[in-house]
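Starting from the given sequences, assemble the full structure and let the hints guide the process.
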Amino acid sequence: MNVQLLQEKANAVRIGIIESTHAAKSGHPGGSLSCTELITYLYFHRMNVDPLNPKWEDRDRFVLSKGHCAPALYAALAHRGFFDPSRLTELRKLGSFLQGHPDMKTTPGVDMSTGSLGQGISAACGMAMTAKATNKNWRVYTLLGDGECEEGQVWEAAMFASHYKLDNLIAFVDFNGYQIDGAVTDVMNPTPIDEKFASFGWHTLVIDGHDFEAIDAAVEEALKIKDKPCAVIMKTVKGKGVSFMENNYKWHGVATNDEQKELALNELKGANA
Amino acid sequence: MEKQATRVAYGKTLAALGEEKMFFVLDADLSGSTNTKTFGDKFPERFFNCGIAEGNMMSVAAGMAAAGVPVFASSFAMFATGRAFEQIRNSIGYPRLNVKIAASHAGITVGEDGASHQCIEDISLMRGIPGMTVFCPADSAETQWAVKKALEIDGPVYIRLGRYAVEQVFTDCSNNEVGKGNVVADGTDIAIFATGITVAAAIKAREALAEKGVSAAVVDIHTIKPFDTELANYYASRCGVILTAEEHSVIGGLGSAVCEAVCETTPCKVIRLGVNDEFGTSASAGVLVSHFGLDAEGITAKALKALGK
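As you go down the protein sequences, you meet chains A and B in turn. When we follow the numbering used here, the leftmost residue of the first sequence carries the number 1, and every step to the right adds one. When we follow the numbering used here, the leftmost residue of the second sequence carries the number 1, and every step to the right adds one.
Please keep in mind that the hints were generated in silico from the structure rather than gathered at the bench. Since we're looking at a predicted model, the values are computed, not measured. All C-beta atoms, glycine included, are put in the ideal place defined by N, C-alpha and C. Since no wrong hints were added, every one of them can be taken at face value.
Computed footprint of chain A on chain B; a stretch qualifies when at least three of its residues, placed anywhere within it, have a C-beta under 8 angstroms from a C-beta of chain A: (1) 39-49; (2) 80-92.
Calculated pairs, DSSO-like style, for lysine-lysine (alpha carbon to alpha carbon, straight line, at most 27 angstroms): (3) K37(B) / K165(A); (4) K37(B) / K132(A); (5) K25(A) / K250(A).
Negatives, chain A to chain B, calculated, CB over 12 angstroms: (6) A24; (7) L52; (8) P85; (9) R87; (10) G177; (11) K235; (12) N257.
Here is the structure:
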């Protein structure tokens, strides 16, 4: 694993998040920035995908259950070669192939339409079950928000994955601590998320979600676990990489203005140097 | 022919179809009632019980379909379309995935279980989703047709099934066309548009009406969406009065579909017979059918009233 390359890609993804949401004048930069390392890791190191054949049957699948963080997914797909990064600024515009939330019918590389919280992890379970029932070796990865874990459906899915021993499924939780209305522990405390997954029969890990080595070690461990799905709770920083957005829930669902965009890009481009 | 519930025909058709086609079947702890068990017993490796978690089941079905395998997902109509409406809308409908939602125990013929289990809003809910095909078969033969057709359709389908045993109206429905009403009998004074259990009742009502000198057409609307707008307008023009009969709320179901179809081009009198914006209640299915006027007598009386006779 080339950590330096992944860091460069992650930075390019962050720049894409800022530029696309700025152009759209809306979107969700905070949670997109907190899951950037994970999505970068999956698309640039872990997943077996083919940008020239996005619907390739035997590809690994990724379901962005926290669908509002589409800007991170789109930027990763663009830089991975699924489409030209210059098109990221088409986000959220009329007729765009980059809808506000992931649409598998319009965006090359998007494996599942998501956006309504709690449903993506269930769809990921359906995919993993299909791989098992048809004797395929491809794997399924899904990413949830911490606030999303307040949805009851997440736990219905957790029960299903455990019951059917979906050891080809890894669910990551972007534990950045904030949801739209504030800190998750203030709004409706979903913690301890790791213990909840463990009690549902999952193999559970808690890691630093901005550390590529830690993400890789977690996935390598998960791949060795048989007969159990694996949950990786990633401690992250909401708005990571842009100083004025970090740990500020007000950046959950608003885009930068022109001045803020320049400030953010200067920071990110400085990090690239 | 012996009476048979459409849910029973559904289970048998699935089991037969499983021999030749690859698909999965999901249920939410009601496989004995929805009859998916008939398939599950024969193809256990392709049957997945999701437990009492309908929302998860619908999104699991979506994931399976997204991975390339068509899915039949079953529960009672109340829980399939009511509790899991948004999963159907967002996980299945929006991505236009190959999931066939086959829901049994629709309407008031659930019987004794009462209002909590008598779904009279499912047609309304399902036909509101863009791209959803909605089937409401009248008997076993039509159920067999609908289930086979559902698998041929590339996209989401809703199949409305009943709990109680119904008379066999048709012997072969292979000439049915998706989105085309089936004219069972022509007539000139009033057209009765029926769906599901009311088709058999409408045929009997037609005979009673004939005795009173009324010429009634009977149209079997097995596909509520896409709706046969052309046929509705034809009968609006031909008869001037359409009576719709359905085991569903008069809001949003077949009656509404007919009104929508005729209002812009051939406005005519449309009398909607169904459940009048109220909940069901406990009683045997037969008693309830009569109570809500959905039997031949009820349809006949409504038709005569509509014609001022």
